[in-house]
Structure formats: C-alpha cells, structure tokens
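Place chain G on chain C using the hints.
Residue numbers (our numbering), protein chains in the order written: chain C, 405 to 536; chain G, 1256 to 1410.
For the record, the hints were derived by calculation from the structure and aren't laboratory data.
A quick note: this is a predicted structure, and the numbers were derived from the prediction, not measured.
Ideal placement from N, C-alpha and C gives every residue a C-beta, glycine not left out.
Simulated pairs of lysine to aspartate or glutamate, DMTMM-like, Cα-Cα distance not exceeding 20 Å:
#, chain 1, residue 1, chain 2, residue 2
1, C, LYS488, G, GLU1380
2, G, LYS1367, C, ASP479
3, C, LYS472, C, GLU434
4, G, LYS1269, G, GLU1294
5, G, LYS1400, G, ASP1339
6, G, LYS1400, G, GLU1294
7, G, LYS1400, G, ASP1298
8, C, LYS488, G, GLU1379
9, C, LYS488, G, ASP1383
10, C, LYS472, G, GLU1366
11, C, LYS488, G, ASP1299
12, G, LYS1269, G, ASP1298
13, C, LYS488, G, ASP1286
14, C, LYS488, G, ASP1298
15, G, LYS1400, G, ASP1338
16, G, LYS1400, G, GLU1380
17, C, LYS472, G, GLU1370
18, C, LYS488, C, ASP503
19, G, LYS1269, G, ASP1286
20, G, LYS1400, G, GLU1271
21, G, LYS1293, G, ASP1337
22, C, LYS488, G, ASP1300
23, G, LYS1367, C, ASP503
If you only want the chain G side, here are some residues facing chain C, beta carbon under 8 Å, derived:
#, residue
24, GLU1311
25, ILE1361
26, THR1362
27, ARG1368
28, GLU1370
29, GLU1380
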Amino acid sequence: MESRPSDLSADISVLVPEGRLDARAAPALEQELAALEARGVIQIVINFSRANYVSSSSLRVMLIHTRKLRQASGDLKLCALTEKIAEVLRITGLDTILDIFPSENLAAQAFLTPPKADMAPLTTGHGRENRR
Amino acid sequence: MPEVNHKDRTVTPKLELCVSTKMENLTVIGDFVASVAKEFGLDDDVTFAVQMAVDEACVNVMEHAYCGKSNGMVRLTCQILDDDLVVTIHDHGRAFDPQTVPRPDITAPLEKRGEGALGLYLMEELMDSVEFQFDAVQGNTLIMKKRLHRGKQAL
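Isolated chain C, as found in the complex (with noise of 0.2 Å):
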C-alpha cells in the first residue's frame, strides 16, 4: 500500500490502497495507520482511486482509526470513492461520519482550510456529495 505526503503539505499523509480491502486486506490498512499515528502524523487520506472493494473489515479500521485521529484533534479524509464503494458507506451510515471528496487535493485543502462552524459545508461537506 502507497504511503506518501499530500502534494499540499507534508503535514498530511496519504494512503492509497490497491485492489480489495476485505478482511484480508484490512490487517495491512490497519498497520499503515497505526504506523503513521506512531509518528505523529494526525491528517491522513486515504486514496481510494486504485481500490475497487470495501469489506465491513475495513470499514471498521477507518471508524477505530477516525475516533482515534479526531480525539487527537486531526482527521481521516477519504476521497476518489467508485459509485460502489460510495454506496456501501451508504448503507453503513459512514458516509454522514467520515469526511468524503471527490479529490486528493480537496480532501487534503479541508485539513488546510477547515470550513468554519457557523458556516454551512459547501463543496466540502459530510460525504454527501458522494450519495447518488
């Protein structure tokens, strides 16, 4: 699994899954993030352009690792979700929990540039833009 800096800052890190991310695969997902969280890295993107499955194994990684980032005042960000990916964060709810963009890049400037609480999320919202 890619693990890098954002283009934007390298106060951010992303990773970029391959393939499927079924029960067999959420182990190594798991220790990626415990490995970045291990360095003190609190914004982390996970990429999901070269994924094409998510098991609810996986799933629960990204809520544990989520609770965890946001408890230490940062963040995991998903971005480039395919329509069925989108769609089972649907089904689970997580898609009004966890931060969802379209981009790399828009989901890395949210950490940059945090909407501000009295203001209503635009391009950047909840995951919702994902929802069909």
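Here is chain G on its own, set in the frame of chain C:
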C-alpha cells in the same frame, strides 16, 4: 446456462464451490460468484450485492464459526429459482444465534458508533432475505435470496 422451465417455473442447475476456510480463499469465493453472475447473466448491481453479502458471510464463517482456523470447510451453492438467486453457505463450525447479535445503529454519531456486526448488517441490507439454519448433525446453513426483477427476454 441452460434453464429448465417446468411449466411456469425457472430453475437453473446448482453451481457449487467447496473451499477451506483460509482467508486467501476469499478471492476464490469472489471469483466464483463473479463467474456464477456471468453464467446466469446477472446485472452489475445484483452481482456486487451478492459478491459482498457472500464475502461478509464467509468472513463470519472463517472468523467466528471456525475461530480463524483454516482447516474448516465452507460450501457455497448458487441457483436461480423462479425470480430469486438463491445462495446457500454451509459449514460445520460453531453455531450462533443471529437474534442475539446487536445490529449497528447507523444513525449514531461517531463517538457512539459500535464497530461490530457491520458484516451481518450489510448482508441483510444487500439481500432480500437472509436466513440461518443450525443443526447439530447437518451443520450450519445460511440461505440468502436476491430478487432478480428480470424480464422474460433475459431468460
């Protein structure tokens, strides 16, 4: 795939896969469902739903029924019966009571979201019916059905 029409009934042959409960076999199982879908002419949405429900069900068999041991066996069958794709998943691992598994509250905020039972929840959401049968001798059987809504021209 030749289908037999008994008067008004549509019945395909039953396609079957029997593999060990090694995690590596999840890919084999996914490929089997994809080949069944092709054989039966299922559309992308049905194929995805069935692949995901079967994947989640088989992970549950591997992780819970066989407690992660890779020497168990899981047997999968797929058949079209009238308007339904009927999938059965059979194992001889530990039984459980699906009623006692708490379903996730998908409207709960992050801090209150549990991480358990997402797989079972997805199976129930993706399929039209999910039914477990447990028998001390026969083993555990999961029967999942997906309504096909296909026109006669697809036959």
